[in-house]
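Asker: Start from the sequences, fold in the hints, and give me the full structure.
Quick mapping for you: the protein sequence lines, in order, are chains A and B. First residue of the first sequence: 6, per my numbering; consecutive thereafter. First residue of the second sequence: 566, per my numbering; consecutive thereafter.
The reader is advised that the hints may include incorrect statements.
[Stated by the list, open to error] Below, a list of computed lysine-lysine pairs in the DSSO-like style, where the Cα atoms sit at most 30 Å apart:
{"#": "1", "chain 1": "B", "residue 1": "574", "chain 2": "A", "residue 2": "145"}
{"#": "2", "chain 1": "A", "residue 1": "117", "chain 2": "A", "residue 2": "42"}
{"#": "3", "chain 1": "B", "residue 1": "692", "chain 2": "B", "residue 2": "607"}
{"#": "4", "chain 1": "A", "residue 1": "224", "chain 2": "B", "residue 2": "820"}
{"#": "5", "chain 1": "A", "residue 1": "144", "chain 2": "B", "residue 2": "777"}
{"#": "6", "chain 1": "B", "residue 1": "791", "chain 2": "A", "residue 2": "224"}
{"#": "7", "chain 1": "B", "residue 1": "947", "chain 2": "A", "residue 2": "117"}
{"#": "8", "chain 1": "B", "residue 1": "948", "chain 2": "A", "residue 2": "117"}
{"#": "9", "chain 1": "B", "residue 1": "692", "chain 2": "A", "residue 2": "145"}
{"#": "10", "chain 1": "B", "residue 1": "692", "chain 2": "B", "residue 2": "791"}
{"#": "11", "chain 1": "B", "residue 1": "957", "chain 2": "A", "residue 2": "91"}
{"#": "12", "chain 1": "B", "residue 1": "585", "chain 2": "A", "residue 2": "144"}
{"#": "13", "chain 1": "A", "residue 1": "120", "chain 2": "B", "residue 2": "789"}
{"#": "14", "chain 1": "B", "residue 1": "791", "chain 2": "A", "residue 2": "117"}
{"#": "15", "chain 1": "A", "residue 1": "144", "chain 2": "B", "residue 2": "947"}
{"#": "16", "chain 1": "B", "residue 1": "871", "chain 2": "A", "residue 2": "145"}
{"#": "17", "chain 1": "B", "residue 1": "791", "chain 2": "B", "residue 2": "607"}
{"#": "18", "chain 1": "A", "residue 1": "136", "chain 2": "B", "residue 2": "574"}
{"#": "19", "chain 1": "A", "residue 1": "155", "chain 2": "B", "residue 2": "957"}
{"#": "20", "chain 1": "B", "residue 1": "789", "chain 2": "A", "residue 2": "117"}
{"#": "21", "chain 1": "B", "residue 1": "957", "chain 2": "A", "residue 2": "254"}
[Claimed, not checked] Over the 10 Å line for every Cβ pair with chain B, so calculated as not near, a few chain A residues:
{"#": "22", "residue": "62"}
{"#": "23", "residue": "69"}
{"#": "24", "residue": "87"}
{"#": "25", "residue": "105"}
{"#": "26", "residue": "106"}
{"#": "27", "residue": "127"}
{"#": "28", "residue": "142"}
{"#": "29", "residue": "146"}
Please keep in mind that the hints were generated in silico from the structure rather than gathered at the bench. Using N, Cα and C, we set each Cβ at its ideal position, and we do this for glycine too.
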Amino acid sequence: MIKIDNLTKSFTSKTGKGFKKETVTVNAVDGVSFECKPGRIFSLLGPNGAGKTTTLRMIAGIINPSSGTAVVDGIDISEGNEEVKKRIGFLTGSTGLYERLNPDETLDFFGKLYKLPTAAYNERKEYLFEKLGVNEFRKKRVGQMSTGMKQKVSIARTLIHNPEVLIFDEPTSGLDVITADSIIDLIRESKDNNKTVIFSSHIMSEVDLLCDDLAIIDKGSIIYNDSFEHFKRDMKADNLTQEFINRVKEA
Amino acid sequence: MNELYIIIKKELTELLRDKKTIINSIVLPTLLVPILIFGMIKVTEMINKSEQEKSIEIGLVNAPEDFTAIVASDTLNKITTYEDSLDFKALVVDETAQTVVVFPKDWKTQMDSLRTANVQIHRNGTKDNVNGRVSKMLAIYAERLKAKRMGRLQISTEKLTPFREEYKEASEEKELIGKRIGGFIPYLFILTMWGGCLLAAIDLVTGEKERKTIETTLSLPISKFKVLLGKAIVASILGFVPALLNLVGLILGLKFIDGIPAMFKTAIDGMLNFQSITMIMLLLIPFAIFLAGFIIALVAGASSFKEAQSKAAPIIMVIIIPLVLAMMPGIEFTWATVFIPVLNIGLGVKEIMAGTIDMGLYSAMLISLIAFALGAIYFSYKKFSDENAILK
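Answerer: Given below as structure tokens:
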């Protein structure tokens, strides 16, 4: 379960030349509130620069909010983001893999830091490697892998500690349909296992396939937040992509 | 503690799988000193040999026979006799003659009347070999003439020699050599250490940004401080190890390279004993942590390897200037210099090598270096926690 209430993130930067400096404060995320329930997939959509990544980073405890609260699996992020991190599997376009390690070493590293019991860890690793087809290249260094191989390993490391909350930002970006399908399958499986899932993508067919609840964010604010069923019911455009574009433009 | 160990192990594994790190932090530091020693010995030998075998063109004007005989006694001297009226400066400039010695026309008269004559030497001040050899011949000739005059005036040499200097060396050879070359050793250590720390720190912080793994690292269920501390420890190991290997290289070089003067070799062997090596290494540990923390703080905001290098590179001057000062005579290891980082190591190592270190000063320096190391770690943690900088 994730409960976000009035979450705001401001960034301050200095501009100007020479000795004349001006401090500019920008709200990348401005008073965002939403709720993601266990056993449901919540889609957070928005154009580039809308504040999606900043919101997800705050939920994952990577950056601290300027104001507002976020409760992840019963823990307020302001009370200790290490506890929150243990309960989250976080995968975005910016969470790359360590290029000089192989998949086995990568998962060993994460498994140890999540303090997983050895037997449970090994079982989980073998299951994920089998499911994602990582076994063929488990001893190959990440730096020598293709984009698809890397993404499979990234998914495995995101799920290794079987987290209660999963955040996937563009998990299938740049992947072939077969790899994308295996990842979609794992996301569905997480939902079936009663996990809370935030899924963000620009591929509307995937949103259509997975989404239960939907929020659209633009210029740091939520402009739509309801169930996906209601969104589709109220659609004025012919397809999801056009409806999304229209909603953003209208906002 | 266990989490820190996991971070250190992973960072070290990653770094040591990079060829650049292996070459810069292990291969080069080990081979650098032996190559330098070997190169210096061979180059010096070569220069000396070629200088000794070089023939020189000496021009003589109005030269007395006995001086000409001295010049001619060395078969490498080629003599040309010139007329008094030539432009000798031009001759030296166009290298027709490398030096021209002009005696006055009335040389014999002046000598007979026991006067002081003027001998002009036209020369190029940069030709040390030529000038040295000519000066030596003139000195021999002057001594001969002096002895002749004293004989003629019936004055004994003793009468014109009121005293002879006799030096009794109070310092040991180790102290003398230690103070002279001791400044060079930290110069080598610290520059290698700087190189190792810089490369590692950039790879561990800016490299993570370039490879898009910094967010992965920050999503780990451990504090940013532990992540930073792990990186700082690894960067300092990658700075400390090359310095240690420098020392190993120095010891091996001295043991196995021929041509090092025996006196010098014995003195250095005496200096590099277990106690002095331990004392030097103890200083280098906090200093490596200080450098690592300082560099991480500098490069935390850089988003590319190039930007990180341009931010850190000018700091090398802050390292080199105190090291050069430490090698200068007159700057001593005292309470006034003991708290100045880099300079204190330069001066301290000199004293350790010479065996004259004051333990009070040494302890103060060690404590100050630990304090600087802690300060640098805190500073780097502040920078590493800056979301604007680290996620740029």
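Asker: Provide an ascending list of the numbers of those earlier hints which the structure does not satisfy.
Answerer: 4, 6, 9, 10, 15, 17, 22, 23, 24, 25, 26 and 29
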